[in-house]
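Colleague: Protein chains in written order, with this note's numbering: chain A, 18 to 366; chain B, 92 to 404; chain C, 14 to 401.
Reference listing, derived: stretches of chain A covered by chain B, where coverage requires no fewer than 3 residues with Cβ under 8 Å from a Cβ of chain B:
hint, stretch
1, 81-89
2, 125-134
3, 144-152
4, 159-170
5, 201-209
6, 254-263
Straight-line C-alpha distance at most 20 Å; calculated SDA-like pairs for lysine to any residue:
hint, chain 1, residue 1, chain 2, residue 2
7, C, Lys271, B, Glu402
8, B, Lys97, A, Glu38
9, B, Lys401, C, Arg167
10, B, Lys97, B, Glu281
11, C, Lys203, B, Asn329
12, C, Lys320, C, Asp285
13, B, Lys294, C, Leu258
14, B, Lys294, C, Gln268
15, C, Lys16, C, Arg234
16, B, Lys331, C, Leu150
17, C, Lys188, C, Asp198
18, B, Lys97, C, Ile143
19, B, Lys401, C, Ser266
A short list of chain C residues far from chain A (calculated; beta carbon distances all over 12 Å):
hint, residue
20, Arg48
21, Ala58
22, Thr173
23, Ala206
24, Pro241
25, Gln370
26, Arg397
27, Pro398
FYI, nobody ran anything at the bench for these hints, they're computed from the structure. This one's a predicted model, so the numbers in the text were calculated from it and none came from an experiment. C-beta: ideal position from N, C-alpha, C; glycine also.
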Amino acid sequence: MTREIAVVAFAQTDHRRSTEESSEVEMLMPVLHGALAQTGLRTADIGFTCSGSSDYLAGRAFSFTLALDGVGAWPPVSESHVEMDGAWALYEAWTKLLTGDADTALVYSYGKCSPGSVRDVLTRQLDPYYLAPLWPDSVALAALQAQALMDAGHTDEPALAAVGARSRADATANPHAQLKGPQPHGDYVVRPLRTGDCPPVSDGAAAVILAAGERARQLCERPAWIRGIDHRIEAHGLGVRDLTDSPSARLAAERAGAFERPVDTAELHAPFTSQEVILRRALRLGDDVRVNPSGGALAANPVMAAGLVRIGEAAARVHRGESDRALAHATSGPCLQQNLVAVLEGDPR
Amino acid sequence: MPEVLKAPLVVEFPFTRSLGPVQSAFLTGLRERVVLGVRTTDGRTLVPPVEYDPRTAEEIHDLVEVAPTGTVTTWAWNHEPRRGQPLDTPFAWVLVRLDGADTALLHALAAPGPDAVHTGMRVRVRWAGERTGAITDIACFEPYDAEPGQPGNHSGEFTEPLTGIVAPARLDYTYSPGRAQSAYIHALSEQRTVGERCPSCRKVYVPPRGACPTCGVATAEQVEVGPRGTVTTFCIVNIKARNLDIEVPYVYAHIALDGADLALHARIGGIPYDQVRMGLRVEPVWTEGARYPDHYRPTGEPDADYDTYKELL
Amino acid sequence: MSKEPVAVVGVGQTKHVAARRDVSIAGLVREAARRALDDAELTWADIDAVVIGKAPDFFEGVMMPELYLADALGAVGKPMLRVHTAGSVGGSTALVAANLVAARVHGTVLTLAFEKQSESNAMWGLSLPIPFQQPLLAGAGGFFAPHVRAYMRRSGAPDTIGSLVAYKDRRNALKNPYAHLHEHDITLEKVQASPMLWDPIRYSETCPSSDGACAMVLTDRAGAGRAPRPPAWMLGGAMRSEPTLFAGKDFVSPQAGKDCAADVYRQAGIADPRRDIDAVEMYVPFSWYEPMWLENLGFAEEGGGWKLTEAGVTELDGDLPVNMSGGVLSTNPIGASGMIRFAEAALQVRGQAGEHQVDGARRVLGHAYGGGSQFFSMWLVGARPPQS
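Can you build the whole structure from these sequences, using the hints too?
Modeller: This is the structure we're talking about:
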C-alpha cells in the first residue's frame, strides 16, 4: 500500500508580459505566501521544498539561489531544485513524500520570459553540434510539427484557430490569465502557425503544497489526490521522431493510470494550438473532456512554471468540486520531447 | 517609488566543442562536400549521424555516405529570419530525408515563397562557398527536380579530420534588478548606502534583495547605514582578476557598515596591504561618476572589538 | 511502510582531465555511465529511470542538456530528471535517484553528474556581467579566502594546516587512476612554496578545473541480490539548504551543514561520528575546508578540526582518512564533484577502491556542498544493509 499524496493548495501570479518592476524573488514571494496561507502552514512546518527554474531564461548562473530568499529558509530546510519545469519539481517532492521522510512539501517555480527573447533562448536547448548553430527558434520547430500534422490530415488552420479561440474564451474566467477574450487568428509567425496559435510571452510564478494521507485531509477540504504521476522522454532529434504523435505522453499517461477510467477534465501544457491536437489524440481525450478550462498555456505561458500551473489548475478544480478526476500534463523540450502526466481525483461527494 | 532600473545584459561566448569520432566525420565530410550517415545494427541509416542509437542506446559508428539530394518531410515558412539563422532572406525550415537515409535532417530551404514549397518536394544541398567543418557548410537546400544524386562510398576517413568546432553564441537580455535593488542603486548615486529592514526580525539588509532571506517576507523600511564600517575579514589578492584594472596586491574585505546586519564586499586602500586587519575601521572613498565607492580607507579610529563584529564575518 | 533499502551496485568515472578533446559531451557522460553499468553487469534495458545533475548550464552553453543527452544515456522511453543545486548537485542528484528506489517508484536507476568545463570557462559562467552589480573583485578564491581567515581567527589554527591538506590529497590522488592531478614529484615544500594567490590561500591549495563525469547504478534489495560484486548500502541521506547571505550567517560552520549531518547520523544510528564512521569523502575545494568541515560534520569539537589534520588523523593510513581519492583538490568537474564524493564513499565500503582503499572501511560518509556554503547533501553508506 503506497502512501496517498494530494495537492492541497495552489497559488499563482497574474501572468504578465513583463514584471520588470520586480526581481524574481519579489515576483515569487506573494505566491509562496498565498499557497501557505491556504493551508495555514508556515515555512517551518513544511517537510520538503523543491523548485524548478532555468538559469538560461534568467540570463544568470545560479538564479535559483536568490529565489530561495522568498522561502525564508531559516532554520535550514530540506530542499532541492530541478533545472526543469516546476511539474518535475512536484514529481521529486512526490517521491520524497512517498518515502515517508516528509508529510508536506512546498513546490514552486517561476519564469521570466521578458528579459530575453524566449524564442531564441530556447534554441540553446538543442543539440549543440547540428541544431543549435542554425538557431531554429521554438516557433519554427512547432511550425514544422504543425505542418506534419496537417499533412497527416489530423488538423487544418481553421481547427487550430478554434483551439486558440476556445482557450482565450475560457481564459476570461481565469483572473490570472494574460491573453483572454476574442483574439484574431492573426498573421503567420512561422507558417502554418499564426499569432493566435502561439502562446503569449509571460512572466509568472506558481506554488503548490503537497501533503500525505490524513495531513492532506486536515489541510484541505477536498484534497486533489495524485492517483498516478509519470513522465517520459523521447529521442532528441526531430528527424528521428514521428512529430504527429506523442508516444512519451501516452506512455506517461498509461503509467499514471490515466486510461483506467475516463477523466472529466484535462489541463494540457500545449504552448501551440497544434500541440493540443497531438496531445488530445495521444491521451485519448474525447470531446466530453473539458480541456484547459483555465485557458492553458495559450493564455499564459511563464516558461518553467506553465507545467506546474497545469497541475495546480487541475487540482484547484478538484478542490472546488468542479472535477472528480482530472488529468494534468506538462511538457519540456522541442516539439513535446518530454512529457509528464498526473491524474488527480477528489474524494466521492 | 523611484523608477525601476533596467539595462542590457549580453551573454556571449565562443564555446569550444570537441566532437567525438562520429560527429567529427560528419562535419569533416561536410567540409569535403560529402554527407555521411551512420548505420544502426538493425540496418537503418541515420542522417545526421548520431553517436548513440535513439532506439536501442547502442553506440554506433558504421559510417555510410548518402546522396546530397532528398525529399522534404515537413516544412515551415519563415518570412522573418532571425539572427544566426542560415539565410537572411525569407526561407523555409525543412526536415529533409536524404536519398539513402531513413531519418531527416533539419535545415533551411531557399525558395521564392511558400507556394513553391510542399511536403514531398525534391531538394538538394547547396554547399557554402567557404566550408570549415560545421552544419552551416550546408548553406541551405534548394529545389531540385532531376534524378536522385548518387552517393559515393566514402569510408568516413579523412585526412586532417576536424576534432572540434567553435560555436559562438550570443543572447541579449534586458536586466532589471527589481524594486529593492533599484532603490539601493538610486541612493548610491547620491553616495548614500540605504538598506532595508525586515519587518519581522528587524535586521537591516545591505544591499537589500527584496526579501528577508530568513523570514521570507518583503523588506520595505529603508534605513541609511554607514558610511563608516568595520573590516570583519579579508584576503590579500595577489593575482589580477580578469577585466579588472587593479594593481596587486590589494585587500578584498568584508565590511560591516555601521547599522547594517550583513557585511558587504569591497577593496581596502589608503593603507599598506599587509597592515590591514580584522576590526579595522574604514570609510568609503568615492570617485567621480562611479556607481560604487572606489575603495574604503582607514578612518583612524581604534579597531573594533572582535565581539562587536564576530557575527558579521 | 518502511522505505526500500537502496544499494549502489555500479560505479563509473571518466579519467578526469583538464580537457577531454576526444569526446563530445554525450561521449563524456556515456563513458561514465557505461562503466557504471559494466560494474553492475547490467544493460541499458535494466535501467528504469535516469537522474542527471550538473552545475550551471552556461558552463557548456547548452540549456537543459539532458534533453540532448537522453539518447546517449539510454533514457528514450524512460523518465529522466535533471537536478541543479549548485556545487552540491552531484550529491543531491544521487539522493533524488535514491529516493526513487526508496519510494519503490523504480527498481533500478542510473544517476550521473558531469561537467565539461573545457567547453567554456568557469569564471566566465560564474561572472556574467550583470548590470548595476559590482564586479567580482577577487576571482574565484577571493570568495573563500576571507572565510578561511575567519576560521583561522576563530580556531587559532597555525597557517601551516592548509598545505598539509593539499600535500595529503595530492599524494592520495597518485593512488587513484581517475584523479585529474597526478603530481608525482609533489613535496610538502613545493606546496608551501607555491604562490600565495588569495592570502591565506596558496595556489597549491586550490582545486583544478576538470572535464569529467561520474555515474552510479542504484537498486533495491532484489537488485542488490543479483549484483556481481558487493553493494554499498545507503544508511542515511539528507539535503539541507539555508539562504545565500543573511544576517548572522556562519560561513565557517554553516547551520545547514550541521543539520544535514545530524539528519544522516540519526537515520544511520550514528551516535559518535568520530568513532562510528571509518572514512570521509568531503567536498574540499580549498584545502582549509578540510578542518572546517571536520568540525561542521561533528568529527571534531569547534576549533579542533585542524588538530586532527595536523596529527595525521586524516591521512590515508590515519584513524579517520579524508579524501582518499585525492578529493576536489585533485579533481574538479564542478557538477560531478559531489557525486564523485558519494561514489568514492561507495567504492570504499564495497572494497573496490583499489590502491586508495582503506582497509576494513565499513561506514563511509560522502559529503557535498555548494552555493555560498548554503546547499548541503550527504550520504552515509555501509558494507551491510540497513537494519529494519
